[in-house]
Amino acid sequence: MKRAVVLNVNGESYDLDIEPNRLLLQALREDVGLTGTKEGCSIGVCGACSVIVDGRLVSSCLTLAVACQGKEITTIEGLASDGRLHPLQQAFIEYGGFQCGICTPGQIMAAKALLNENPQPSEEQVKEWMSGNLCRCTGYYKILESVMAVVNNKVGTVQPVRRDERSAKIESLKVYKSS
Amino acid sequence: MQPFEYRTPKNLKEVQQELKQFGADAKLVAGGTALIIMMKQRLVRPTCLISLSSVRGLAGIAEKNGALRIGGSTTHREVETSSLVRRRLPLLAETYRHVATIRVRNMATVGGGLAHADPNQDPPPTLIALGASVKASSAGGSRMIPVEEFFTDYYETVLKPDEVITEVSVPRLPPNSAGAFLKFLPRTADDYATVSAAAVVTLDRSKKIFSDVRIALGSVGTTPIRAREAEAVLRGQPVKAEALRAAAEKAKQAVDPISDFRGSAAYKREMAGVFVRRALEKALEGFKRVKSAPSRQSKRRGRR
Ligand SMILES: Cc1cc2nc3c(=O)[nH]c(=O)nc-3n(C[C@H](O)[C@H](O)[C@H](O)COP(=O)(O)OP(=O)(O)OC[C@H]3O[C@@H](n4cnc5c(N)ncnc54)[C@H](O)[C@@H]3O)c2cc1C
Ligand code: FES
Ligand code: FES
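Read top to bottom, the protein sequences are chains A and B.
The numbering of the first sequence is our numbering, which starts it at 1 and goes up by one.
The numbering of the second sequence is our numbering, which starts it at 1 and goes up by one.
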């Protein structure tokens, strides 16, 4: 039987009418329409579905939406404000903390939950905390670097390579090809 | 997942009413980390979930008459980070910290973890070694069950369908005691153990003789086990390396592991011995730390 459930997501409240067997993951993606939260393993292992509920990092693939009645939910969509990316999001871009990107919302939410609890973690603490967020692309080092960049206030110091500079570089390499 | 009703009773009496109404078709749900997966896999198909998360008075940690009382709905993370637990029984906080990842520990509860009864879980060996008991409540009243007698088979316990774990009680360690829990993780940091071992050691006043020892293991059979023969080898014996090796041999005989992707049965048996020995050694280090602290200081002074 369907139930009326109010989900507070990223500061907005959503009135939903859902079955008790609806997972928070499905409710977020399909009922609320926020598809930033990803589904990977569906069994609590990979961390792709990580969201923050009442301040605690959880797997939305193991959480019933009805169990979140009235709770404060933060997803990846809730981090940027006034058109500016959150420092963690900016850091992942600047330090190459992602490749295909499917694990990234979960990685960033996990890091956000860590920094909420401990704004100055050591590298070891970041590694331990993030061990539940799997990534098949980056080899993890870039993820660690991205999080530590926020911890050490280094976001915004990396200049992206400009497109014209990149084209010039490619041009200059053509010399080798022709010779 | 197949459809189900969802109930949110506010107290234990209401839980009992729901259990009575839905009978064997109902399941309690706490953190949901074990149950939701089993429902997704259609291993269990309850028609009603009775949530314990709104039941008052089921979460929290307190000390009463020297024992730690941990509410059934207390999360793993709360046990891990509780200053009371860290002060009184650091071994318990350390053991819960070994479970899975932060995300799972934020959701998983102490009561749900025990009722799940997977022999590969971490807390049971430590709880057995510490002599902890489970308090189970039903409409007819409540009873205390030693954790050692709680598990009967894979995912099976002595709990009756209408019993709710309301509390886990962990007694104070006797004087001159120290403990250790070791989890063998050859694959990844967030995996289940290939084998795990917990040891609680009590020495006599000279600190040279084992006056009592409790040893328990996980991932070595259909339930967590207590290795009584291994304990018996040590009781009354001097603290010596040969004694630890003899106990490790006995522990190997006590286990009955299965071969799986975490290791062959023979390998796990071998590792059960190794990890019992190491757990005993680590527990004994707990005594040295207290004793050698001042001597280390005097050495430093001497060097100056
Ligand atoms: C990805 C992942 C990795 C894991 N890794 C580990 C690990 O490394 N080590 C480890 O020890 N464990 C591990 N676990 C298992 C974890 O410890 C259990 O899933 C968890 O403890 C179950 O607690 P819960 O509160 O979520 O229980 P639920 O899933 O809510 O319930 C589990 C069972 O207990 C019953 N139940 C719940 N509460 C009560 C109660 N108060 N009284 C009576 N019955 C009750 C339910 O009806 C159900 O049958 C892992 C789990 C996951 C998902
Ligand atoms: S999809 Fe939830 S943890 Fe993998
Ligand atoms: S960026 Fe591809 S899985 Fe992490």
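In case anyone wonders, no lab produced these hints; they're calculated from the structure.
Do not rely on the hints blindly, as some may be mistaken.
What the hints assert, rightly or not - Dumping the calculated DSS-like pairs for lysine-lysine here, alpha-carbon to alpha-carbon at most 25 Å:
id: 1; chain 1: A; residue 1: Lys2; chain 2: B; residue 2: Lys10
id: 2; chain 1: B; residue 1: Lys20; chain 2: B; residue 2: Lys207
id: 3; chain 1: B; residue 1: Lys208; chain 2: B; residue 2: Lys250
id: 4; chain 1: B; residue 1: Lys27; chain 2: A; residue 2: Lys2
id: 5; chain 1: A; residue 1: Lys71; chain 2: B; residue 2: Lys10
id: 6; chain 1: A; residue 1: Lys2; chain 2: B; residue 2: Lys250
id: 7; chain 1: B; residue 1: Lys135; chain 2: A; residue 2: Lys2
id: 8; chain 1: B; residue 1: Lys27; chain 2: A; residue 2: Lys71
Unchecked claim - To list a few chain B residues with every Cβ distance to chain A over 12 Å, as calculated:
id: 9; residue: Pro3
id: 10; residue: Arg103
id: 11; residue: Ser137
id: 12; residue: Asn176
id: 13; residue: Phe261
id: 14; residue: Glu270
id: 15; residue: Phe287
Where is the CB? At the ideal position from N, CA and C, for every residue including glycine.
Right, here's what the structure says about each hint:
no. : hint                : result
1   : A:Lys2 x B:Lys10    : 21 Å, holds
2   : B:Lys20 x B:Lys207  : 54 Å, violated
3   : B:Lys208 x B:Lys250 : 22 Å, holds
4   : B:Lys27 x A:Lys2    : 19 Å, holds
5   : A:Lys71 x B:Lys10   : 17 Å, holds
6   : A:Lys2 x B:Lys250   : 57 Å, violated
7   : B:Lys135 x A:Lys2   : 35 Å, violated
8   : B:Lys27 x A:Lys71   : 23 Å, holds
9   : Pro3                : 5 Å, violated
10  : Arg103              : 5 Å, violated
11  : Ser137              : 22 Å, holds
12  : Asn176              : 32 Å, holds
13  : Phe261              : 14 Å, holds
14  : Glu270              : 27 Å, holds
15  : Phe287              : 28 Å, holds
Checked against the numbered hints above, the structure violates hints 2, 6, 7, 9, 10; every other hint is satisfied.
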